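Enquirer: Starting from the given sequences, assemble the full structure and let the hints guide the process.
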Amino acid sequence: LWTFRVLIRTIVIVGGLTLTYALVESSRPWVGPILAILTVILGVTMAVMPTWRYLIHRWEHTDRAVYLLKGWLVREWRVIPISRIQTIDTMKSPLQQVLRLATLRVTTASTHGAISIEGLDADVAADTARVLTEITQATKGDAT
Amino acid sequence: VTTAPSSPTLSEQHIEAAAKRAKSAEPEGTEVPWQRLDRRVIWVDGVKILLSLAPGLVAMVILDLDLSVVGTWLLVLTAAVGVISAVEDLLRWLKTRYRVTEERVERRTGMLVRKYRYVPRERIRSVDTTARLRHQLAGLRVVNIGTGEQGAAALSLDAVSNRTAEELRRELLRSRPAGAVDRTADPVAEREPTEATADPQEVVLARLRWSWMAYNLVNAWAFLVATFLLWGAYWALQVVGIDLNTWIRRVVDWEELGLGWSIVVIVGGIYAIGVVGLALNFVTENWGFRLTRTITEDGTALRTKQGLFQTREVHRDERRIRGLHIGEPLFWRWMGAADTEVISTGLSNWSVSKEPGSKILPRGPIGEARRIAALVLTDGHLPMDAPLRRHPRAALHRRLFWAILVPGSIAGLLAWLDATNVVPGHFWLFAIGLMPVTCLLAVIAYRALGHTIVGPYVVLRCGLLSRSTAALQNRAVICWTVRQSIVQRWLGLMTVSAATAAGYRFYQAPDLAADKAVTFIYDATPGWMAGFLESTDAA
Numbered sequence: 001l002w003t004f005r006v007l008i009r010t011i012v013i014v015g016g017l018t019l020t021y022a023l024v025e026s027s028r029p030w031v032g033p034i035l036a037i038l039t040v041i042l043g044v045t046m047a048v049m050p051t052w053r054y055l056i057h058r059w060e061h062t063d064r065a066v067y068l069l070k071g072w073l074v075r076e077w078r079v080i081p082i083s084r085i086q087t088i089d090t091m092k093s094p095l096q097q098v099l100r101l102a103t104l105r106v107t108t109a110s111t112h113g114a115i116s117i118e119g120l121d122a123d124v125a126a127d128t129a130r131v132l133t134e135i136t137q138a139t140k141g142d143a144t
Numbered sequence: 001v002t003t004a005p006s007s008p009t010l011s012e013q014h015i016e017a018a019a020k021r022a023k024s025a026e027p028e029g030t031e032v033p034w035q036r037l038d039r040r041v042i043w044v045d046g047v048k049i050l051l052s053l054a055p056g057l058v059a060m061v062i063l064d065l066d067l068s069v070v071g072t073w074l075l076v077l078t079a080a081v082g083v084i085s086a087v088e089d090l091l092r093w094l095k096t097r098y099r100v101t102e103e104r105v106e107r108r109t110g111m112l113v114r115k116y117r118y119v120p121r122e123r124i125r126s127v128d129t130t131a132r133l134r135h136q137l138a139g140l141r142v143v144n145i146g147t148g149e150q151g152a153a154a155l156s157l158d159a160v161s162n163r164t165a166e167e168l169r170r171e172l173l174r175s176r177p178a179g180a181v182d183r184t185a186d187p188v189a190e191r192e193p194t195e196a197t198a199d200p201q202e203v204v205l206a207r208l209r210w211s212w213m214a215y216n217l218v219n220a221w222a223f224l225v226a227t228f229l230l231w232g233a234y235w236a237l238q239v240v241g242i243d244l245n246t247w248i249r250r251v252v253d254w255e256e257l258g259l260g261w262s263i264v265v266i267v268g269g270i271y272a273i274g275v276v277g278l279a280l281n282f283v284t285e286n287w288g289f290r291l292t293r294t295i296t297e298d299g300t301a302l303r304t305k306q307g308l309f310q311t312r313e314v315h316r317d318e319r320r321i322r323g324l325h326i327g328e329p330l331f332w333r334w335m336g337a338a339d340t341e342v343i344s345t346g347l348s349n350w351s352v353s354k355e356p357g358s359k360i361l362p363r364g365p366i367g368e369a370r371r372i373a374a375l376v377l378t379d380g381h382l383p384m385d386a387p388l389r390r391h392p393r394a395a396l397h398r399r400l401f402w403a404i405l406v407p408g409s410i411a412g413l414l415a416w417l418d419a420t421n422v423v424p425g426h427f428w429l430f431a432i433g434l435m436p437v438t439c440l441l442a443v444i445a446y447r448a449l450g451h452t453i454v455g456p457y458v459v460l461r462c463g464l465l466s467r468s469t470a471a472l473q474n475r476a477v478i479c480w481t482v483r484q485s486i487v488q489r490w491l492g493l494m495t496v497s498a499a500t501a502a503g504y505r506f507y508q509a510p511d512l513a514a515d516k517a518v519t520f521i522y523d524a525t526p527g528w529m530a531g532f533l534e535s536t537d538a539a
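Going line by line, the protein sequences match chains A and B.
Residues 1 to 144 in the working numbering are what the first sequence spells out, letter by letter.
Residues 1 to 539 in the working numbering are what the second sequence spells out, letter by letter.
Calculated from the structure, these hints are not laboratory results.
One or more hints might be untrue.
What the hints assert, rightly or not - If you only want the chain B side, here are some residues facing chain A, beta carbon under 10 Å, derived:
| id | residue |
| --- | --- |
| 1 | Trp480 |
| 2 | Gln484 |
| 3 | Ile486 |
| 4 | Ile521 |
Claimed, not checked - Not everything, but these chain A residues come out facing chain B in the computed CB check (under 10 Å):
| id | residue |
| --- | --- |
| 5 | Tyr54 |
| 6 | Leu73 |
| 7 | Arg78 |
| 8 | Val79 |
| 9 | Pro81 |
| 10 | Pro94 |
| 11 | Arg105 |
| 12 | Thr108 |
Source: prediction; values computed, not measured.
Backbone N, C-alpha and C fix where the C-beta goes; we use that ideal spot for every residue, glycine too.
Expert: Below is the structure:
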């Protein structure tokens with residue numbers, strides 16, 4: 001998933017800049033170096049990031065809370081106790097549908113307190129959503 | 001899910017159907033009659049029509065001024081707008097009905113497009129009343145019923161009489177109609193006046209002190225206010241044929257003063273006008289400010305009352321209060337001034353047109369803010385007075401790192417652009433010159449950091465431009481987020497932030513020592529981290 005995404009982004013950015021470089025002659029002196037630097041950065045990202053992310057990303061849920069660890073350069077841990085969960089969604093983007101993946105999204109009453117677990121196997125995501133829904137329904141509290 | 005049901009625009013049949021359904025949902029024999037808005041709205045509108053016609057008449061008939069074409073049109077336009085809005089208001093009065101039932105507050109309105117809107121009573125989070133000058137003179141109040149959604153009030157009644165407003169407020173803030181059918185059967189119309197006028201039990205927590213005004217005057221906004229005032233005055237006078245520009249020229253001779261003094265005079269003059277504007281604003285807004293604790297039928301509420309021309313009363317249910325937030329903007333901090341806000345669910349923190357409802361004190365001295373903090377948080381803990389734990393020195397290093405890197409890289413970029421002749425001049429030297437300033441800011445930012453735990457409160461403090469100290473109850477925390485960038489990993493730091501449903505939705509404490517961060521969360525909310533600690537160790 002990440003491989004595809006970064007691939008698409010790289011193609012768009014590098015392609016766009018190359019186009020500018022080729023078409024707008026006056027901008028060449030400063031577009032040139034930027035293009036070179038960006039190409040290197042994106043190239044490295046493409047080579048390293050997906051695997052790195054895959055190795056770091058973790059998630060789990062117990063009957064009390066949902067946990068998530070994500071990121072590669074900037075790592076992020078999140079905890080949401082079950083009693084604060086408001087909605088549980090599963091989402092599939094077109095790309096994810098092709099790869100048979102899904103995103104599980106757990107939201108709370110705060111706009112800053114959502115967990116979204118990307119790139120789960122579609123079946124696993126559906127199962128987890130069902131289990132979480134059951135646990136959540138059994139838990140008391142008004143979720144704020 | 002805290003949003004109220006939206007107000008779909010329905011056809012007549014739908015409205016009837018909805019009303020019927022609402023009726024059938026009620027217990028037997030409690031059909032509530034629809035109420036009208038207060039009759040005095042008509043008089044207000046009548047006066048409004050006269051007033052909007054007045055300036056034109058005065059200018060044309062009495063003063064016999066020679067108007068420019070644009071001026072005439074402007075006058076006609078303002079008069080027309082005034083009349084139309086007043087007539088619209090009249091029609092609105094004719095067509096608006098509201099009622100309060102056991103479960104909900106309903107309102108029907110609209111001439112061409114009929115609207116039916118209801119708000120379930122259990123969703124009502126705040127009821128506040130405001131009154132513009134014209135309302136006040138007529139003894140009217142606008143009642144805004146809020147459900148905690150962002151933006152406009154969920155339902156507003158413009159306007160009902162003083163007494164009705166008071167009764168509505170009391171009625172609605174009782175969270176559950178206590179099964180007393182006879183009380184709610186006829187909620188507004190035929191209550192005895194004695195009950196409404198009976199003084200509720202109140203404890204005054206704070207009153208306005210005029211010395212606070214000083215804190216509100218030193219402000220960069222003064223320039224903006226002055227510009228608006230001058231611009232408005234310029235146009236208003238232009239209409240009646242007076243040119244402000246030439247008038248000023250007659251008073252002050254720029255040539256004589258020379259350039260330097262001219263600038264001083266202009267800036268000083270504008271600032272003085274701005275300060276006067278701000279002072280007027282402060283006086284009108286905070287006139288008769290009182291913060292009180294009112295005992296309602298189930299629990300207590302914090303109530304503020306303020307305003308000279310436009311009075312505003314806000315009630316905050318204390319059961320929904322989750323903590324306190326004191327913000328100290330950079331320059332006011334040195335003067336010892338602070339803004340005090342409650343962190344509460346269902347109160348919006350931010351609005352363009354007026355002070356947010358969460359603000360319980362005008363900007364005032366920090367000591368006063370602390371005193372109020374102790375009074376507002378009734379459970380005996382003093383989270384605002386507690387000494388905060390300092391963050392590790394590495395946090396300072398990180399700030400200095402960025403303080404040097406950012407201007408450094410900007411300087412590098414500009415120097416390179418300079419070399420390639422895209423940007424002329426030696427701009428990059430300015431960027432280098434900025435470095436001491438950014439380093440100083442880094443130190444200030446570091447000194448602002450702090451965190452601690454006091455009883456059930458988590459206290460988090462951070463912020464460079466506005467040092468914000470937030471004391472949040474641990475039961476209000478919805479989600480902990482811990483972030484660590486590459487630089488932070490080198491320095492062994494972590495940023496902890498608590499997401500919540502109340503207030504600004506999230507409060508953070510940047511750059512805790514990595515080992516302390518987890519213990520901090522563990523202490524703040526015991527039990528959450530049980531299954532998580534191993535995986536943190538693994539990573």
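Enquirer: Hints broken by the structure, by number, lowest first?
Expert: 5, 10, 11
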